[in-house]
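Can you build the whole structure from these sequences, using the hints too?
Each protein sequence line maps, in turn, to chains A and B. For the first sequence, the working numbering begins at 1 and goes up steadily by one. For the second sequence, the working numbering begins at 1 and goes up steadily by one.
FYI, nobody ran anything at the bench for these hints, they're computed from the structure. Be careful, since some hints might not be right.
Pairs count within a copy or across copies, as identical chains cannot be separated in the list.
Said to hold, decoys possible - Below, computed lysine to aspartate or glutamate pairings styled on DMTMM-like, alpha-carbon distance capped at 20 Å:
(1) K201 - E125
(2) K247 - D258
(3) K50 - E125
(4) K188 - D254
Protein chains: 2
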Amino acid sequence: MILLNEFQKIVFIGAGNVASHLGKALKDAGNEILQVYSRTEKSASLLAQKLETTSTSNISEIYSNADLYVISVSDDNVDQILGKLTLKDKLVVHTSGFLPMDTLKQVSENYGVFYPLQTFSKSREVEMRSVPICIEANTPENLQLLNSLAGQISSDVRQINSDQRKVLHLSAVFACNFPNFMYAIAEKILQNHDMDFSILKPLILETAQKIQELEPANAQTGPAIRGDERVINAHLKMLDNYPAYQKLYQIITDQISDTKKPETNNQ
Amino acid sequence: MILLNEFQKIVFIGAGNVASHLGKALKDAGNEILQVYSRTEKSASLLAQKLETTSTSNISEIYSNADLYVISVSDDNVDQILGKLTLKDKLVVHTSGFLPMDTLKQVSENYGVFYPLQTFSKSREVEMRSVPICIEANTPENLQLLNSLAGQISSDVRQINSDQRKVLHLSAVFACNFPNFMYAIAEKILQNHDMDFSILKPLILETAQKIQELEPANAQTGPAIRGDERVINAHLKMLDNYPAYQKLYQIITDQISDTKKPETNNQ
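Below, the structure is given as structure tokens:
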């Protein structure tokens, strides 16, 4: 039986951005990172150094005496890892927004999910306390342990089942990945006119801050929601040399127009 | 001749979000808001009250003794206003990202542009000091006056000509309006599964904060940039009941894939 509310001995399987940020947060909270495994020795030892622990790129050398195994590799590589792993009754979790919890059934009797809903980059610190940690487990005891562990690093721990997590993951693509691509298009357009992207930064930040208070549907501004055909047509014409962006502009504008309300908003 | 670095007497023509935020900032900086005009008496008097000044909805009653006239109405309504306005040699500016400066030629000998690059909402305060103010004027003297005025309220004043401003305005649609619509889609998807949008707020904020440091093209994460076909196909299938969002997901994913670099990023 695992004692609750204690610090854990943790092995990280995977050494990417999620493993790196989670590992640091869990170590800083007082847990012991026992080992880092990665397919390549270089990335394993890089993260191990950061977490002041040992590393291996040999899956058969993964220590068997940890309390918790965190599998944090890209969704595509999980199956490959799982095929080679046997942890018997050790608690094992993955950090994927997409994969069902039951994926882990084959490697241990005790399993769950520890999904931090955030975008992690190598070069940026993230305030982990405000990151929602979505947990799920196959038994109440395992859930309690994950809940206690998540509570050490975040003030927003939520019990989310596999179906809900999949929906969350999809919505996160719209909330994070697609907006970032819109920023990249804006950057490209400005660059092609010798203008500096930095001028848009306060606008981008305010757009994200705004919806911390307002509902996005009520925060919509711009020519599409105003139905300003003259501006829309001029913008489309300016995008004649960017057929891909032009197509995107047209489709998103049409979809925004379809949601239009009588209420007016200026950008 | 107008003395520089002095406080101005200002008339606002228009009483929307931009007029409201600019008016407040300029008043707080020490300028006198002489009058607010709007087509409807109600919105004119609402803003006038906020700015502790008088209002009118009769265009012929606009005072002639101001130093500066700020036209801040929706682009569609500017022509209508201009047709009825004569300001002789008084300095007049508009606040539009889209309209060329010369639009104002017909109403005065002295004219320019005072474009705050930000999204303004009724219910939210905005930190004006960090808002880029894009100025343009028909003479060096007028430019100097606008520069001085903009410098009173913002630490980021930029001289931007009409062509550049139009490009900026287009890029702002991608950087602000379209991301907000992506947030709205995420909200909709969660709502339809009885989940709360609030869980995405830290993710949305971090996505915007990230590109304050990183280039958006280098900050891209998610299944599209990873080329994770399994996740992409599952997401598309989940969107079967949302054909509009499904189409958008497919197009944006294709465009992100086209930019793909060998470097890997986890979401």
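Do the hints match the structure? See the list:
Taking the closest pair of Cα atoms, K201 and E125 come within 20 Å of each other both inside a single copy (19 Å) and across two copies (17 Å). Taking the shortest Cα distances, K247 and D258 sit within 20 Å of each other both inside one copy (17 Å) and across copies (15 Å). Only within a single protomer do K50 and E125 lie at most 20 Å apart by alpha-carbon distance; the minimum there is 13 Å, versus 41 Å between protomers. Proximity of K188 to D254 under the C-alpha cut-off of 20 Å is restricted to the inter-copy arrangement: shortest distance 17 Å between copies versus 23 Å within a copy.
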